[in-house]
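Listed here are the chains, written in short residue letters.
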Amino acid sequence: MNRALSLLRRRLLTSLPVFLIVIVGSFLLLEAAPGDAVDAYLVSVGGDAGLAAQLRHEWGLDRSAWARFLTFATALVHGDLGWSVAFARPIRDVILERLPNTLLLMGAATALSFGLGSLLGIVAGARPGSICDRVLSVASLAIYAVPGFWLGLVLIVVFSIELRWLPLGGIETIASSRSGLDRGLDIARHLVLPVAALGFIYLALYLRVMRAGMAEVWRMDFVLALRARGLPQSRIVIAHVARNALLPLVTLLGLQSASMLGGSVVIESVFAVPGIGRLAHEAVAARDVPLLLGIILSSAILVIVVNFLVDIVYAALDPRVGASEERA
Amino acid sequence: MTILNISRRGLLGGAAAAGALAALPIPAFAQQARRGGRLVVAADSEPRNLNPAIVASNGVFFVSSKVVEPLAEATFDGLEGRLATAWEGSADGLSVTFTLREGVNWHDGRPFTSADVAFSALEVWKKLQNLGRVVFKDLEAVDTPDDHTAIFRFARPTPFQLIRNALPALTAVVPRHLYEGTDIAANPANTAPIGTGPFRFAEHKAGEYYRLTRNEAYWGKGVPYLDEIIYRVLPDRAAAAGAIEADEIQLAAFSAVPLADLDRISKVPGVEVVTTGYEALTYQLVVEINHRRKELADLNVRRAIARAIDKDFVVKTIFLGYAVAATGPVPKNDAQFYTADVPQYAFDLAKANALLDEAGYARGANGKRFALKLLPAPYFNETRQFGDYLRQALAEVGIDATIVNNDAAAHQKAVYTDHDFDIAVAPPVFRGDPAISTTILVQSGIPDGVPFSNQGGYANAEIDAVIEKAAGTLDETARIGLYHDFQKLVATDLPLINVAEWGFTTVKRSSVKNVANNPRWAVSNWADVWLDA
Amino acid sequence: MTRRLFSTPEGIAGTAILALLALAALAAPMLFPRDPLSIAGPSLLPPFHDPAHILGTDRLGRDVLAGLFHGARVSLAVGIAAAAAALFVGAVVGTIAGFAGGFVDEALMRVAEAFQIVPGFLLTLAFVSIAGPSLPVVVAAIALGAWTGPARVARAEVLSIRERDHVAASRVVGMHPLEIALREVMPNALPPVMALSSVIVAGAVLTEAALSFLGLGDPNRVTWGAMIAEGRAVLRSAPYLSIIPGIALVVAVVGVYLFGEGVVEASASRRRYQ
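Protein chains in written order, with the working numbering: chain A, 1 to 328; chain B, 1 to 533; chain C, 1 to 274.
Take these hints with a grain of salt, some might be off.
Quick list of simulated restraints, FRET-style, between CB atoms [claimed, not checked]:
#1 P192(C) x V192(A): 35 to 43 Å
#2 A32(A) x K221(B): 53 to 61 Å
#3 A77(C) x D464(B): 21 to 29 Å
#4 K368(B) x T74(A): 26 to 34 Å
#5 R164(C) x S64(A): 29 to 37 Å
Keep in mind the hints are simulated off the structure, nothing from the lab.
The beta-carbon is built from N, C-alpha and C at its ideal position, and this holds for glycine as well.
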């Protein structure tokens, strides 16, 4: 455990230059935006140039970009993400309040797409070229090709409005003062539909990689040898072919974490889940530059941590890779 | 039904009903109101500043009007006292005397007095409020001879009519003891307001909901009926309809349910569509024009554009009939100021083409006369759809418009600060008096950056003179006459083109009672709203 | 190659779908010469009710079938342009990094890593909000989130190719390193990079739809994504408005994928027999 922690620390340290690029790049990008936080605020409030100038001064937006960047960077070095003008709260609090919801959503959606995807991939890859294989391939692709927001809306219409089985949005029953297991179950019920919508989209990727991997393994000599030894088909499929094909899937898991975070922007909007994907959209709309930087930074850290965990799992599955070895 | 009600009333005793009648008249045939329950309503945005004394906008009022009260509220036939019980203007237009309600306490228990009104008027409405800065600009002092009298003193004669019309939207009173000596714009009470209203502000969970709870010590007898109001944040515009059908929310105001869905949802059992209750919240669909463009500075071109717009199509197809065609800058449903006696521009493509030819902008080889940059305001589905329509309508007469699709912040900056547009689509609100938020749309000399104002570089000395004269005219008939002139001048010279006027719709569960019983219902205090079991 | 492409069912189906789409895109201006965004009839006409509007009309009375055909043009153009841009940038960056090595490689790969750890859609969203939604911006934004994959693959290929004989020979002949990189190495590194194109095209079409959902589409052009996003407001009263372009989108994405798969398989079998 300690070794893993020190490895993680090393990984984060070597990522420092990358972080720097991310921060400077995002800052420059947002700097080019038409309209600043004051313009965004005045949309709802109204007010003249005098008020705008006063607000710009109060929010520190009348200083040069360089000065604002220095303030942001200095605070960041001290572990402070700064102040959100859109929420009138510290950015750290705003993000930490929403991060768990996104983690839950992403974690569950990843589990669903990985679990179901690899399972169906095994079914499809057990007999490459069969009807079952082709149907699964095309069906999963078709789901992948449905825009996430539309899939979400259809799920809502069917399961929340017509059948009334599940709540249509939010992370939990509002202001219900539930606690403990009761609250956990409540949250789980609320997450079923968004997790399904997000998970089903990525399912196709796992299914296809699993299937393709298995198709490769089938061609290998050792499988022929196993067959020659008369091992039952099911045993070959599961214990040998699928197991070997699982490795690329684990790598994909790490790669997909960033993509899924992006996908959560839309899903969180459709299902009114207060997560950081939706927060990012709100931050862009409010031109809250420090908040958006904070979100980008935390999602970058999240992606690095996920990839690190994936590496550990990979090492555990594949004896050829030692955990001490740093893979880029 | 009636018999059942009478027997229920007999059983429960008439005390609560009688008390409610004293404060808020309920039609005699109304069902017996039931106390208790939680009303969940849809909210599509989360205003950062919830102080209605600073931010006089419907988005803020929707939540805060239940917490912070104005001096008076609009009714279908005039005004009804809230924190003031009587108001009287002097003949010289230099003072207005308000008699304030007695026995009112703030949510934190402190008594409400004339000092609160004086403070709110001088320090907040006049100095900080988006609309108050115009209407109360000449307010010099507020005398408080006793705790329940406030006398507003103006430096220049100010029409009492204007002050009266401004009462519902501009006079939310905030507690002096929490604001005095602080940075008012940054006061924590702006995000968790404390007022005198029927509901207290309980909490805001960002991204999820606002919660208001019953003010047990409210001055209105027997009200409010509801225990709680929850504003549930639904960021996707398509979500409210489903949430009502699934009974997860009971009410969606401000047309949160798309107009195209109303016909279907009105047939769902237990769901009702209400199209009243917005009479004093009329939104106007307006084409803003940048007069710095030489083509658009030509009156013939503006008249051609007016004639190229099929208002009938806009009303029938974009608003599905939930709007009326506009004739000028004052909406038809305003009984005080509206006049139909203005130049009209009927939809006529031949005439529009002829006007453009006459102006010297003949069609080029590709059939196009000139190109324009069109910026539809992103705030409503209807303003965007009208933008799509306008592009097509202009194409019919050879004007090649390109739509620039900005989000709210970029639109704000492009139109009102940088003037980087040729034509824009805006949804200004008419607030009961042209001097509150309407004349500013065409008046010259407004500094850059003021949203919903004349930023098109238009200047017309005649119109400016009428606006100026009306601002100091005390005689109500004469003032109305001046605004008739104003409407005529605007419709003649077309500094902007008024296309349509619309009120919103409310979709609710049948269990929600006393909805739309005043012309500003969505932004009124909801003290008498109740839920049938 | 072509024969091999048609030897797999994926290849046949994919090619057929893509050919059909290309035909639709090319025929659009001939079949529907009017601006597909122009108001052609009464609004919200259901499909198969009026022979003049076979697939019905939308909220403003625009013809759905015309939108579908012109949408094929724009959606495919967005997908192909975004993929081309991403592949081009990725291939160039990857080639330079792999060929130059040392500090240049290190720096370029750090930049690529920076793009990889930031969720692509977040970047696209921010970029489009800032630059304003128009088709070129949408294309650039999608490419911005998609070039790192090709860059990595290209770099890995280059690393293995640059030690091969013909590259060494060019070096001996005294060719400029940049010329070697672009003329000798890059063409050979391209095929595996191209294999990513189907994924990127499909992803680009979907990203465009998601942007439209968030109100960041180009309102002057009709795309399938924008049609679906607009139709969602009337999902219950007029479901066909989002289902029809939705089917088109699914068919197109599946077609692109199958075609890509067919090509990969065909080239793999070619290599095997080489």
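Evaluated hints:
no. : hint                          : result
1   : P192(C) x V192(A): 35 to 43 Å : holds, 40 Å
2   : A32(A) x K221(B): 53 to 61 Å  : holds, 59 Å
3   : A77(C) x D464(B): 21 to 29 Å  : violated, 50 Å
4   : K368(B) x T74(A): 26 to 34 Å  : violated, 54 Å
5   : R164(C) x S64(A): 29 to 37 Å  : violated, 52 Å
This entry does not satisfy hints 3, 4, 5, going by the numbered hints stated previously.
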